[in-house]
Amino acid sequence: MRKLGLIIRREYLAKVRNKSFVVMTFLSPILLVGMIVLIAYLTKVNDDEKRSIALLNQSDFFKESFQTSGGLRFIHLKGLNIEEAKDCTLAGEYYGLLHLPDRNNAEDVAADAFFFTAEAPSTNILQDLEGFFEEELRAGRLESLGVTAEQYAGVRKGYELETATFSGERSGKGLNEIKAIVGGAFGYLIMMFIIIYGGFVMRSVIEEKTSRIIEVIISSVKPFQLMMGKIIGTSLAGVTQFLIWIFSASLLMVVALMFMDIDPTILMKGTPAPGMPMEGLPDDATTRLILEEFLKIPMGLLIGCFLIYFVLGYLIYSSIYAAIGAAVDNETDTQQFIFPIILPLMLAIYVGFFSVFSNPNGPIAVGFSIFPLTSPIVMLMRLPGGIGEGGVPLWQLLASIALLLITFIGIVWLTARIYRTGILMYGKKPTYKDLYKWLKY
Amino acid sequence: MNHMLSIREVSKSFGSHKALDTINLEIPENAIFGLLGPNGAGKTTLIRIINQITYPDSGEVLFAGEPLRPEHIAEIGYLPEERGLYKSMKVGEQALYLAQLKGLSRAEAKKRLLHWFEKLEIGDWWNRKVQELSKGMAQKIQFIVTVLHEPRLLIFDEPFSGFDPINAALIKDRILELKEQGASIIFSTHRMESVEELCEYIGLIHNSRLILEGKLSAIRKAHKDNRYRVCWEPAAATEGLTAIEQRFSVANPRFDAEEGSWDFEMKLEEHQKAEALAILAGSGNLATFQEWIPSANDIFIQTVKNQESHA
Chain A
1 MRKLGLIIRR EYLAKVRNKS FVVMTFLSPI LLVGMIVLIA YLTKVNDDEK RSIALLNQSD
61 FFKESFQTSG GLRFIHLKGL NIEEAKDCTL AGEYYGLLHL PDRNNAEDVA ADAFFFTAEA
121 PSTNILQDLE GFFEEELRAG RLESLGVTAE QYAGVRKGYE LETATFSGER SGKGLNEIKA
181 IVGGAFGYLI MMFIIIYGGF VMRSVIEEKT SRIIEVIISS VKPFQLMMGK IIGTSLAGVT
241 QFLIWIFSAS LLMVVALMFM DIDPTILMKG TPAPGMPMEG LPDDATTRLI LEEFLKIPMG
301 LLIGCFLIYF VLGYLIYSSI YAAIGAAVDN ETDTQQFIFP IILPLMLAIY VGFFSVFSNP
361 NGPIAVGFSI FPLTSPIVML MRLPGGIGEG GVPLWQLLAS IALLLITFIG IVWLTARIYR
421 TGILMYGKKP TYKDLYKWLK Y
Chain B
1 MNHMLSIREV SKSFGSHKAL DTINLEIPEN AIFGLLGPNG AGKTTLIRII NQITYPDSGE
61 VLFAGEPLRP EHIAEIGYLP EERGLYKSMK VGEQALYLAQ LKGLSRAEAK KRLLHWFEKL
121 EIGDWWNRKV QELSKGMAQK IQFIVTVLHE PRLLIFDEPF SGFDPINAAL IKDRILELKE
181 QGASIIFSTH RMESVEELCE YIGLIHNSRL ILEGKLSAIR KAHKDNRYRV CWEPAAATEG
241 LTAIEQRFSV ANPRFDAEEG SWDFEMKLEE HQKAEALAIL AGSGNLATFQ EWIPSANDIF
301 IQTVKNQESH A
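Chains as they are written, first to last, in the numbering used here: chain A, 1 to 441; chain B, 1 to 311.
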């Protein structure tokens, strides 16, 4: 145990003192926050820009329709013919010229209206302009049918099917997705951690091989101790890095947003086009329901299970990484072995998102959440639904953890054997057949 | 005589390749034992078994009479042939780490390290990074780390590779000093010259088998074949070797015209020795008359050849 402690300490210090690690630790949050702030800033700038459009209305209609709003500003030209208006638009460096000819009714005016621009106009602006027309035309058509605006609004009213569980709890559309995203965030965190720090473990093993210190070390400690010390030391360094990232990124974020006076919600919604009805945006009741559902996510359970799946999942994968590092002489030889590791992780993320989104208790979701190489990610996506009715049946959770535990023991046993033999092998690029043989040495 | 190590019926296979085939070997206490053999013979596998890095398929190893246990690792110092250091670590920190892994406390390790650094004249290296050191310098650190915990058994695998002659001599003296202080030493090499000066005992491994073992002086005596090297100036310059060649079996004669002397080898049965001496001394000036004793290298080559011709 004392030796294991020494190894963990060395691996941890070697990692956190490494220059590129330090740079990454402190630079990443700055880059991340910088990027977000930049995007927010650009969005804001974009919103603030107004396009000037010259309007030549020779008809008696649409007098009040074109009001300066959103990103558009209208300059009303009067008493000019179309050619003069075009010259005027060019001279004023306006974005374009909207021409409404003199006709008998609004429909004909709209039909013969033209928008002139120097270059092809942006779709957003066209949509905005079309919106202005549609509104006026709709009002006219309704009037000719003898329908009032209120009646029309009544006709347009949508319908939503109410849903509830058998026990009577109200549930809402999209709630499965929200739950899966919360769980998926945890699952994604596990995947990123495995890929980044598993890679570190592997490179650290390769470094010991190439620097030829490995035999010096294992004449003092068991290869298994060295492997475990390396995995634990590296992961502690990883946890340190993650904590620094989370802490400094949130701090920077708050400071940056306050300093730059940017409304954080700007990032949440896109930039809805002015004048367009914001369809698909949940109304207040749905928002409240989502919030309620959010609060109902069993955070204690989720975090507890996250820790279990994180530790076991990481240990399984990083010991495979360690075995790969031991089997090869340099990093370029690792590709053929790494792909099969990444595969179940990617599969877990994608299949998880697809199947858990549509049906958290469907056979695919259940299967992948029990299969040990994907369960750390997929089960965490299912767990926000709670345990028991409507959520994950308890037996599935227990089976998943039990299988993961058994796999953990099995994989560590196997990889330790490959590691033990591999670290003393030089100069040969191993095949899968070689690895199989090493298991028996 | 006590044995530091007793290797009994040890066999080890890697897949279909037999790396060690029923090795029986006694390593004497407080002596330098040369473990010899061509590359790939199985020396390193045997050493790794002694260090409990790998385990034999069958047979056992006794350390001072007891079956090998994990605790014995602290009593063994091993300098592997493939050796290195963490490149980005500082010298002192790294030496401390390796010493602590061998079971020394941090304070004790530091005390001993400072002493050894002084002794090998590298006191100012403590805070330097390994990547700044030359290969020979790094070897010194590895040597110190190997002996620092004062093990009873020291195993050096090709210890002089990478050293310049001056530092090789320095290290050789330290090895002899450690032996004086009571350590048992196994010295593995395929370079026979270094064996002569250091080893009292040798074991020769070839194709996974131990083919020769014992005290070096005894082995050399056993391998001599009654050849004598002679340097002789005939009294009458005109007289050649003809008279001698008629009586005895002579090989490789060479005449040095400047000195007027002959160099040659004679093969003499025990009862011919006195007669040959009398004749040579009587008919000229006998400068050299020396029995040829095979070097370790000769024995090595001869034994391996014999093995191969038997096989």
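There's no promise every hint is true.
As the list claims (entries may be wrong) - So, partial list: chain B residues that the calculated Cβ filter (under 8 Å) puts toward chain A:
1. L85
2. K102
3. L104
Said to hold, decoys possible - Anything over 10 Å on all C-beta distances counts as not near chain A; from chain B, calculated:
4. R8
5. Y78
6. E82
7. Y86
8. Q100
9. L101
10. E177
11. A222
12. R227
13. S249
14. L280
15. G282
16. K305
17. E308
The hints are simulated quantities; they were obtained by calculation from the structure and are not laboratory data. Each residue gets a CB set at the ideal place from its N, CA and C atoms; glycine is no exception.
Now for the hints, and whether the structure bears them out:
Here the hint on B/L85 is kept, as its CB sits about 6 Å from the closest CB of chain A, short of 8 Å. Look at B/K102: its Cβ gets to within about 5 Å of chain A, closer than 8 Å, so that hint holds up. With a least beta-carbon distance of about 11 Å to chain A, the hint placing B/L104 at the interface is violated under the 8 Å criterion. No beta-carbon of chain A comes within 10 Å of the beta-carbon of B/R8; the shortest separation is about 21 Å.
With a cut of 10 Å on Cβ distances, B/Y78 falls inside the contact zone with chain A, its closest approach being about 4 Å. Residue-level check failed: B/E82 sits 5 Å from the nearest beta carbon of chain A, not beyond 10 Å. With a closest Cβ-Cβ approach of about 6 Å to chain A, B/Y86 is found to fall inside the 10 Å limit, against its non-interface label. With a closest Cβ-Cβ approach of about 5 Å to chain A, B/Q100 is found to fall inside the 10 Å limit, against its non-interface label.
A Cβ of chain A approaches the Cβ of B/L101 within 10 Å, the least distance being about 4 Å, so the stated non-interface status is violated. No Cβ of chain A approaches the Cβ of B/E177 within 10 Å, the least distance being about 22 Å, so the stated non-interface status holds. In this structure B/A222 is separated from chain A by more than 10 Å, as the shortest Cβ-Cβ distance comes to about 35 Å. With a minimum CB-CB distance of about 43 Å to chain A, B/R227 clears the 10 Å threshold, and the non-interface call stands.
For B/S249, the shortest C-beta to C-beta distance to chain A comes to about 49 Å, beyond the 10 Å cut-off, and the non-interface label holds. For B/L280, the non-interface assignment is confirmed: its Cβ lies about 56 Å from the closest Cβ of chain A, beyond the 10 Å cut-off. Every CB of chain A is more than 10 Å from the CB of B/G282 (nearest about 63 Å), matching its label as outside the interface. Remark: the non-interface label on B/K305 is consistent with the geometry, its nearest Cβ contact in chain A lying 29 Å away (cut-off 10 Å).
For B/E308, the condition that its CB be more than 10 Å from all CB atoms of chain A holds, with the nearest at approximately 26 Å.
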